[in-house]
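Assemble chains B and C onto chain A, guided by the hints.
Protein chains in written order, with the working numbering: chain A, 393 to 676; chain B, 5 to 179; chain C, 9 to 463.
One should not assume that every hint holds.
[Said to hold, decoys possible] Heads up, simulated DSSO-like pairs for lysine-lysine below, C-alpha to C-alpha not over 27 Å straight-line:
no.	chain 1	residue 1	chain 2	residue 2
1	A	649	A	622
2	A	583	A	649
3	C	21	C	296
4	C	21	C	284
5	C	453	B	167
6	B	133	C	197
7	B	141	C	431
8	C	198	B	141
9	C	296	C	284
10	C	197	B	141
11	C	21	C	197
12	B	141	C	284
13	B	133	C	198
14	B	152	B	33
15	A	403	B	96
16	B	141	C	28
To be clear, the hints were calculated from the coordinates, so they are not data collected in a lab.
These figures come from a predicted structure and were not determined experimentally.
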Amino acid sequence: MSVSNMLENWKNFRHMHPVDDAPHAEYKWAMSIDLDACTGCNACTVACYAENNLPVVGKDKFNAGQQMHWMRIERYWDEDKRDFPDQGAQFLPMMCQHCEAAPCETVCPAGATNHTADGLNSQVYNRCIGSRYCSANCPFKVRYFNWYDYPTTDNVWPAEMTEQLNPDVTVRGKGVMEKCTFCVQRLERAKNNARTEGRLVKDGEVQTACQQACPTNAISFGNLVEPESKVAKQWAHQQVELAREGQAKDEQEGGSKLRGYRIFEELRAYPSVMYLERVRESAI
Amino acid sequence: MSQHHILALFNNFDEAEQAIAELRSSTIKGFNFDDLTMKSPIEHPEVEGVLGQRSANVQWFTLFGALTGGILGFSLIAGAQGNFFSQVKGGKPIIPLPPDFVLTYEMFILGGVYITVLGFLVCAGLPAKRSSLYSAKVSEDQIGLLVKVDQSAVGTIKAIFTKHQALEIQEEAGK
Amino acid sequence: MEKDIREDIAWAKINGDVLKSLETPRPLYWVILLVALAMFGVGLGCEIYQYNIGMGVANLNNPHVWGLYIATFIFWIGMSHSGTLLSAILHLMHADWRKPIYRFAEAMTTFSLMTAGLFVMVHLGRLWQFYYAVPYPNERWTWPNFQSPLLWDAMAIFTYLSSSVIFLYVGMIPDLAIARDNIHSGWRKKLYTLLALGWEGTDRQWRNFRVTYLTVACFLIPLAVSVHSIVASDFAMSQQPGWHVTSFPPYFVAGALYSGCAAIITLFIILRYVFKFEEYMTMPILRKVVRLTFAIAMVWTYLNLIEYASVWYSHDEAAKAVLIQKATGPYAPFWWMMNFCGSVVPLLMMVKRFQTNIPMMFAVSLLLNLGMWLERWMIVSPTFSHGYYPWTWDHFQWPSLVQWGMVFGSFGWFTLLFMVFCKVFPSVSMYEVKEMVYHRSLALKNNELAEKGAH
Numbered sequence: 393m394s395v396s397n398m399l400e401n402w403k404n405f406r407h408m409h410p411v412d413d414a415p416h417a418e419y420k421w422a423m424s425i426d427l428d429a430c431t432g433c434n435a436c437t438v439a440c441y442a443e444n445n446l447p448v449v450g451k452d453k454f455n456a457g458q459q460m461h462w463m464r465i466e467r468y469w470d471e472d473k474r475d476f477p478d479q480g481a482q483f484l485p486m487m488c489q490h491c492e493a494a495p496c497e498t499v500c501p502a503g504a505t506n507h508t509a510d511g512l513n514s515q516v517y518n519r520c521i522g523s524r525y526c527s528a529n530c531p532f533k534v535r536y537f538n539w540y541d542y543p544t545t546d547n548v549w550p551a552e553m554t555e556q557l558n559p560d561v562t563v564r565g566k567g568v569m570e571k572c573t574f575c576v577q578r579l580e581r582a583k584n585n586a587r588t589e590g591r592l593v594k595d596g597e598v599q600t601a602c603q604q605a606c607p608t609n610a611i612s613f614g615n616l617v618e619p620e621s622k623v624a625k626q627w628a629h630q631q632v633e634l635a636r637e638g639q640a641k642d643e644q645e646g647g648s649k650l651r652g653y654r655i656f657e658e659l660r661a662y663p664s665v666m667y668l669e670r671v672r673e674s675a676i
Numbered sequence: 005m006s007q008h009h010i011l012a013l014f015n016n017f018d019e020a021e022q023a024i025a026e027l028r029s030s031t032i033k034g035f036n037f038d039d040l041t042m043k044s045p046i047e048h049p050e051v052e053g054v055l056g057q058r059s060a061n062v063q064w065f066t067l068f069g070a071l072t073g074g075i076l077g078f079s080l081i082a083g084a085q086g087n088f089f090s091q092v093k094g095g096k097p098i099i100p101l102p103p104d105f106v107l108t109y110e111m112f113i114l115g116g117v118y119i120t121v122l123g124f125l126v127c128a129g130l131p132a133k134r135s136s137l138y139s140a141k142v143s144e145d146q147i148g149l150l151v152k153v154d155q156s157a158v159g160t161i162k163a164i165f166t167k168h169q170a171l172e173i174q175e176e177a178g179k
Numbered sequence: 009m010e011k012d013i014r015e016d017i018a019w020a021k022i023n024g025d026v027l028k029s030l031e032t033p034r035p036l037y038w039v040i041l042l043v044a045l046a047m048f049g050v051g052l053g054c055e056i057y058q059y060n061i062g063m064g065v066a067n068l069n070n071p072h073v074w075g076l077y078i079a080t081f082i083f084w085i086g087m088s089h090s091g092t093l094l095s096a097i098l099h100l101m102h103a104d105w106r107k108p109i110y111r112f113a114e115a116m117t118t119f120s121l122m123t124a125g126l127f128v129m130v131h132l133g134r135l136w137q138f139y140y141a142v143p144y145p146n147e148r149w150t151w152p153n154f155q156s157p158l159l160w161d162a163m164a165i166f167t168y169l170s171s172s173v174i175f176l177y178v179g180m181i182p183d184l185a186i187a188r189d190n191i192h193s194g195w196r197k198k199l200y201t202l203l204a205l206g207w208e209g210t211d212r213q214w215r216n217f218r219v220t221y222l223t224v225a226c227f228l229i230p231l232a233v234s235v236h237s238i239v240a241s242d243f244a245m246s247q248q249p250g251w252h253v254t255s256f257p258p259y260f261v262a263g264a265l266y267s268g269c270a271a272i273i274t275l276f277i278i279l280r281y282v283f284k285f286e287e288y289m290t291m292p293i294l295r296k297v298v299r300l301t302f303a304i305a306m307v308w309t310y311l312n313l314i315e316y317a318s319v320w321y322s323h324d325e326a327a328k329a330v331l332i333q334k335a336t337g338p339y340a341p342f343w344w345m346m347n348f349c350g351s352v353v354p355l356l357m358m359v360k361r362f363q364t365n366i367p368m369m370f371a372v373s374l375l376l377n378l379g380m381w382l383e384r385w386m387i388v389s390p391t392f393s394h395g396y397y398p399w400t401w402d403h404f405q406w407p408s409l410v411q412w413g414m415v416f417g418s419f420g421w422f423t424l425l426f427m428v429f430c431k432v433f434p435s436v437s438m439y440e441v442k443e444m445v446y447h448r449s450l451a452l453k454n455n456e457l458a459e460k461g462a463h
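So here's chain A without its partners, still in its complex pose (with noise of 0.2 Å):
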C-alpha cells in the first residue's frame, strides 16, 4: 500500500517547491505593504490583537520579552550623526511572511507547520509539542510561544472585554507555538462563500485585519494567482517574482526606481509579503 503509492508517485514526491513545482492553482495569498505610506500608528497591531483573540500580557511579561504580537511595528532610527538625516524613525509592520520554502516547516519533529495549498504557511496548534525549534530557525523571529496558559492568566482578557472575543478564533494553550495566519479565518469564509456561488474569490472580497484597520492603505492584501488583483498588479509593477531570489534590479548600478523588495530575499525562503520602500542614501 504505501509502498506501491511511494513508487507510483515518486516524481510527484521529488519536487521542489515552489522553484520546479507547478504554481499554487487557485489562491496563493500574498501582500505588500508601502513603507512610505506607512505612519507607524500601530493600529494594524491593535487590529490584530482583536482579530485573532491575542493575549494582552502586561507590562512585566512584556518587559521580559513574552509578547505575543503577532504584527508589530518595528522602528529604526538613522544613527549616522548627520544633522539633517532624511527622515526620523522608519516604520516597519512585521508579521509571518508566509514563506513558499519556509525555514520553520523543515525543522518542526512533529510536522505542526506545513505549507497550504492556497500558499500559507500554517500552523497546528493541536499538533505543537513546543519545542521551539521553528522560532530558532525564523530568520523574521515573527514565531510567538505561549509561555504561559494565557487564557487563564488574570487581565489577560479584562472581564469587560470578553465580549470582543473573536469566536471564530481558538484561543491557544500553553506551550504551543503561535503566529500570523494571514487572518485564516476570513480567508475560508471567502472561500466558501464564493464556493457555494461556483466561483473563486474575487479581489477585495476578503481583507485582513490589519489592512483593514490601516488608515493609509498601507497594505494591500489578495491572490497572486488572479493577474488582475491589486497584489499581483503590484508585484508585477515592482518585478518582485515569487519563486526568485535577488531581483534583476539589486544587480544594476545605480538601481532602479522601483521600490518592491522582500525581506532576506538571499536566505531564498520566498517569502509572500512584498515591501515598498525607495532605498535612502543613509540605509545604505
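Same frame as chain A, now just chains B and C:
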C-alpha cells in the same frame, strides 16, 4: 550405554592445553572429541590451535540485521512521508533523500546491533541452565575441561587428566 | 617505566577486590549518593514548577526561545562519547590499558545519555504530548516530520542509548557470572543469576562472545560519530548565523570526546578512592588518559580556531557580527572563559609532573568540563541575541533560577545513576583485567626466554 560427565580443573592454561592435545591425538573408544568443552575465566583464542576450528556464526546475523534494519527504515520513513505528508514543507520534496538517508543509517545500525546480540544468544546457547558439573573456580582462575564419555572410557580419560596435573576431577553419571 | 598493572596480581584477588566494591565502599560513597539525591530533588522541583506554570518561568523569551536546556543537552550527549572511545575505538586498537577503566566509562555513556534525554523532555513546551514526535503507527494517522534534525536526534539517541546499554550488558556477562558464583544470598544473588544468563565460560560462549563484542564495537564507532554529528546538525542544518557552519559536525564530535575524556578523569579519581581501586586504576593509566585528553583538547582547539577563522574570512556579515558579539557583547565573560578553560587550561596536562598529580588533575578535569559546558551555551545563546533580524538584537536573556536549578539537578541525577550502578555492578571489568594480566605476564615470560637465548 550410560554417559558420564567428567569435569577436570587445571591450574593454568598450558596444562589444560596439553591435556586437550593428548585427548585429541589418542583415539579412545566411547569418546568423541567434539564432546569436549573448555571452560575458562578469560578468553583463550589460542585454544583453537588444539581444539580445532569450531564455528561462530554471529556475523551472518549481523549482516541480516543491518540490511533488514536499513531497508525497513527507509521504506517505513519514505512510505510514511508519501502517505501522510501531502503538504509541502519548506520547499523540500515530500520524500527528501538526505534526511531519509540519515534515518536509514541509524536504522541500519540499530538493526545490526540488535540482531547481532540476538545472534550471540542463539549461537552461544544462552540463556541456559548451568550444567550441574560447574565449579566457581572456573570463573576465578582455573581452567575446566568438561567431557561427555561412555562409561567404558571414564578410566582412560581420568588417567589423562591426572597425568596433566588436574587439581580436581568431578564426575557425574548422565542420562 | 612504571607498569600499568602488576603482572603477579592473583586472579582470586582481582575477583575479591572488585566484588568488595559491591559491598563495602568508603563512607564517602554514601555522602556522594546523598548529595546527588538532594541535587536531583532540586531539579525535580524546578521541573514540577515549570510543568505547572509554563515555560515562561525559565525566563526565555520570544526571539530567544532556546537556553540552557539545549546547551546542557548537548553537553550530556557529548559526555557520552568517550565511553565509546574507550570501549570500542581503543578495543579495536588493542590498547589494553583501557581494560580496568572502560566499564565505568561505558556506564558513563549510558547514564549521560539518559540525562541528556531528560533535557529534551524538560525543554518541550508541551511535555505531555511528547509522543507526537515519536514515529509509531497510531489511530490519528499521523507521523512526525522526518525532515527535522530534532527527530534525527531522537532516533540517533535512541539507537545510541539502546546499543550502549546492550554493549555494556554483553560485555558484563562474564563478570556477572563471577558475581553470581561468589555472592550467595539476597536479591543480588537472584539478580546476578538472572542477568548472567547461565554463562559458564565455555569455549563456544567465548568464541561467539568475541565476535559479538567486536561487531558491536564496530557498529558503535560510526554510531557515536553520527550521534554528535546529528546534534551538530540541529544547528548546522538551520539558517541562523553562527549555527550554519559546515565544520560543526567534526567540531562537535571533537568537543564531545574532549568533555567525555575530562569526565573520565574526574570519575577515575573519584572511583579510585571511593571503591579502593588503587591496584587497578593505576597512575600510569591515569597518565595515559591525561595524554589522550590533551591530544583531543588540541584537536578541539584547532577546530575551534578553524571555526572562528572561517567565520571571520567568510564575508558572511551576519555570522561575523555574531562572532564579534560573542567576544565583546554581554556573553563576553563566558566566551572568554570557555576559550581559556578549553584551550589554555589543558596545557597544564603537558607537564609530566602534573599528569599524575591527583588534586591537580581533578581540578583541571572539572575546569575542562566547565569550559565545554560554556562552549555549548556559547553556541546556543548568542545566535538568539544577535541573529539575522535587527529586531532581535541585544536581547540578552539571563536564564532564570529554574533553568539553573535543572542544570544543577541533572548533575545530581547523573551521579545518582552512576553511583548506584557502581555499587550494584562491577565497575572494573574482572575478566578483562585478568586478560590484561595474563597477556602481560605471557609477554614478560617470552621476553625473559628470548633474553636467556641471547646470552
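Evaluated hints:
1. A/649 <-> A/622: 20 Å, holds
2. A/583 <-> A/649: Violated. Residue 583 of chain A to residue 649 of chain A sits at ~36 Å, over the 27 Å cutoff.
3. C/21 <-> C/296: 25 Å, holds
4. C/21 <-> C/284: 13 Å, holds
5. C/453 <-> B/167: Holds. Residue 453 of chain C to residue 167 of chain B sits at ~25 Å (cutoff 27 Å).
6. B/133 <-> C/197: Holds. Residue 133 of chain B to residue 197 of chain C sits at ~15 Å (cutoff 27 Å).
7. B/141 <-> C/431: 24 Å, holds
8. C/198 <-> B/141: Holds: residue 198 of chain C and residue 141 of chain B sit about 20 Å apart, inside 27 Å.
9. C/296 <-> C/284: 20 Å, holds
10. C/197 <-> B/141: Between residue 197 of chain C and residue 141 of chain B the Cα gap is close to 17 Å, so the pair holds against 27 Å.
11. C/21 <-> C/197: Measuring from Cα to Cα gives roughly 20 Å; hence the hint holds.
12. B/141 <-> C/284: Roughly 24 Å separates the two Cα atoms, so the pair holds.
13. B/133 <-> C/198: This hinted pair holds, its Cα atoms lying about 14 Å apart.
14. B/152 <-> B/33: Holds. Residue 152 of chain B to residue 33 of chain B sits at ~12 Å (cutoff 27 Å).
15. A/403 <-> B/96: 13 Å, holds
16. B/141 <-> C/28: Satisfied, since the Cα-Cα distance of roughly 18 Å is no more than 27 Å.
Figure legend: structure checked against the earlier numbered hints; the only hint not met is number 2.
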